[in-house]
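Participant: Next come the chains, spelled out residue by residue.
2 protein chains.
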Amino acid sequence: MAIIKHGLKAFSMGIDTHQEPVAYMRQDCHICRSEGFGLNTRLLLATEDHKIIVTLNVVRNESFSEEQIGLSDIAQQRLQCIDGQVISISHAPIVPSLSYVRKKIFGSSLNGTEIAKIIKDISNHQYSDIEIASFLSACAGQRLNIEEIVNLTRAMVSSGKKLVWGDHKRIFDKHCIGGLPGNRTTPLVVSIASAAGLIIPKTSSRAITSPAGTADTMESLTNVNLTLQEIEQVVDKTGACLAWGGAVNLSPADDMLIRIERALNLDGEGQLIASVLSKKIAAGSTHSIIDIPVGKTAKVRSLTEAKRLSKMFTEVGKACGITIRCLLTDGSKPIGAGIGPAQEAKDIIAVFECHSAAPQDLRDRALFLSANLLNMRNGCGLEEALEEATSILYSGKALHQFNEILSAQGGKKTLGAAAYSHVELATKQGTVTEIDNRKLAKLAKLAGAPFSLNSGLRLHVNVGSNLTPGNRLFTLFSESQGEMNYALDYYLNNIKMFKIEG
Amino acid sequence: MAIIKHGLKAFSMGIDTHQEPVAYMRQDCHICRSEGFGLNTRLLLATEDHKIIVTLNVVRNESFSEEQIGLSDIAQQRLQCIDGQVISISHAPIVPSLSYVRKKIFGSSLNGTEIAKIIKDISNHQYSDIEIASFLSACAGQRLNIEEIVNLTRAMVSSGKKLVWGDHKRIFDKHCIGGLPGNRTTPLVVSIASAAGLIIPKTSSRAITSPAGTADTMESLTNVNLTLQEIEQVVDKTGACLAWGGAVNLSPADDMLIRIERALNLDGEGQLIASVLSKKIAAGSTHSIIDIPVGKTAKVRSLTEAKRLSKMFTEVGKACGITIRCLLTDGSKPIGAGIGPAQEAKDIIAVFECHSAAPQDLRDRALFLSANLLNMRNGCGLEEALEEATSILYSGKALHQFNEILSAQGGKKTLGAAAYSHVELATKQGTVTEIDNRKLAKLAKLAGAPFSLNSGLRLHVNVGSNLTPGNRLFTLFSESQGEMNYALDYYLNNIKMFKIEG
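Chains C and S supply the protein sequences, listed in that same order. Positions in the first sequence are counted from 1; adding 8 to them yields my numbering. Positions in the second sequence are counted from 1; adding 8 to them yields my numbering.
Any given hint could turn out to be false.
Since copy identity is lost for identical chains, a pair holds within one copy or between any two.
Below, simulated SDA-like cross-link-like pairs (lysine to any residue); rule was C-alpha separation at most 20 angstroms, straight line [to be verified]:
no., residue 1, residue 2
1, K504, A215
2, K17, D129
3, K326, L236
4, K447, L52
5, K326, D129
6, K125, V172
7, K315, F114
8, K111, R151
9, K405, R385
10, K504, N411
11, K111, Q150
12, K504, G46
13, K17, H99
14, K59, T439
15, K245, R178
16, K447, V103
17, K447, R41
18, K170, I508
19, K507, E122
20, K125, S415
21, K304, C362
22, K504, T230
For the record, the hints were derived by calculation from the structure and aren't laboratory data. Bear in mind the structure is a predicted one, so any value in this text is a computation, not a measurement.
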């Protein structure tokens, strides 16, 4: 009995389905009919060299020939096939680790092996998006115990590459839980700490929902797309780097989980801890501070919550061999004056250059965080460490070190200026009592940040400022008149993002 | 300040994304750039008359013009737009009921209002597939209490239309939890019960993962695509109907939940109970039996589990105003001999016609279930009810009633014959001690069932049969030589689906 080959010709659809490989088949093609394939069926596609699991979308019969199978970008890329190549098609095998997901849904704890298998399969694109969503929902809401979070962290580290730093005994890092516009301390902290002799190979993310990530801000000043080898070279030379983490993908499983987590707006605390720590550990870090801003518009809203999170970070870190110090900081208002990559870079440069007009809040936070890193190095007093950090900044050593890093990463870019700007003035008398961080962030995004590096805004006031009509509130920057109009229109409809009282 | 209209021209992609509306936009189009839209962003699309929420997929820049927005079938259908029409595009508003999903994930119980809002939003296509997956995962694993299941049932009933049966005090129904190939008792039970005077407006589903659903089997004999009005007419005339439930969509929310539940292979018991009961209640039923086959290859595997499920069905039913009687039945082996729509129809006709060769197991189950319905009507003894059912069958009244129903639904079709058949013979001596129901179902599906109504298979043995080499095991039916070869190839690779010992 001859085996009928179930094959169709590959055809690139040009659709980005991110990490979930998708195939498109005609509903009347002989394979859909004979196998009973329909929408969302999970299929195994194979060439002679590669096999992948995909989710099926069914297309109308006129879309392409019934001899063809359409592939999304990630499907084509993972199958490494060219248009016209025959792809064999069958039902996807059952992914055994999905039974552990079910086990978790049904309330049981998972052991290390089970978690490792789930994460391995997710990294290998064996899970569909809805299966990842199911796993995340089963783990969110404090449903992971400490042991599970430890195992999840380890599994995520194992899913990617790991940087090794030879003879160095201590490798430092810093992280911020996020949520505050303008809170761009990383370039300052990394420069101060490495000027003091600490090794701090920092990788950062780009903005996803905010007007700038550290990687976007740094991109307005230098090249951030470093390979692992380039990161090693820069760190060898300067003791530090300020690179984009996405280019090296130290924790590939995390990338896939975070995407779905964001779409679901789920802040699973176990997931968060494993996500942060796995990247630190993969970067070879042994000591890290974690900045947890606490405030009603920040990510963490109460002190109780912050303390609980802090304790878990420390415990899980310890079990995974990394020393974590969490710092609870004021999360009540925006930091600095610039929002958007180039505007934030401007604030940072002003702090480095010790301008009298440099944002004090940004400088003070950076010094506080740096002092904590220095204190972790050799256990000197925190006050002494703060003096050391301050002296490094004011002596110009931090700026020198920052320029060394930029130079090692490919040179310093000149900050650009936006094509359009608009100054918005206060129309009433009073004191600014609140700024809506979320709306402010949206205003900067509508103006074009972070895609246009020079777009964004500059605050001329902050919480506590006293205003009279005609005072400048903020300047908006954009690269097109259309974006400027759109952003201003949003502002005029949301004028209460600045609460002015009295 | 003029508002810049965020509009692109509609363009039909011809992609079936089932219930999740999807839009396709170029990554370089001005709207993606200025709004920061990316893969999986939730968007609000609007014409002058309609608004929908969609999930964004990003396409490569050469795929279509940057002035266009591609729409999946369901997106186009719900937006009711034509190609070229300008669609306005903005960020989707936050769907408030998602905060209740988060509440459930975090371990709290939901009240009736909260559940009602979730189900309403799901029915209105406000949830993405991953959001539905998250909701289901949060509710699965016995995480819904009885009150939540009651509220879920009520919410699902409210999401669709409801049949009303005037003066009739009692409206009957039957349901099977499923899992056993060939267990096609519904046409027999409905005919016997309605011949006895019961009102039983039965709607059934098509196969999704099995070789036939009752609607597929009935389709080989008559028209099953009835509108609500036609169902009322048929029931007015005959006291019963055997229609496809999908055509009337009595519980639209259920359709959306079941699709994701199946993809996740999640049998959430709360979800299952609400799904079954909401359809019964929407069909106007006041009394229903539920057949729960128990066996190691059936859906319910232990008596404990079956009893627990049975208790919950009864309790939730009571709270929702419907009397439920669960019947635990033997789920250890296939029922009847035919698998696939026409082959199952053949068995049913043989039982109706009281052939000596008609499958006794199918007949006995149908009589047992019918007796329970009759017993629910007037509380006569079960033995007496069984006598009545048996007499209705053997007197030909059941067959007559069945033909009345077929005639009211549009007439009786002649059963077709498959183009190809193949008889597989036993090659060894012994007794059949086990049949793998799942593999048997797959064999019938590979031969073409249920898409080709005449494809499938006929068992010549069952568990307990004694064989000598050369005895017929089964006959396979298909409409093409290719499907026949493919199915046989599968059989030869899975020959142990029949366990023959001794």
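Participant: If you check each hint against the structure, which ones fail?
Facilitator: 1, 2, 3, 5, 6, 10, 12, 14, 18, 19, 20, 21 and 22
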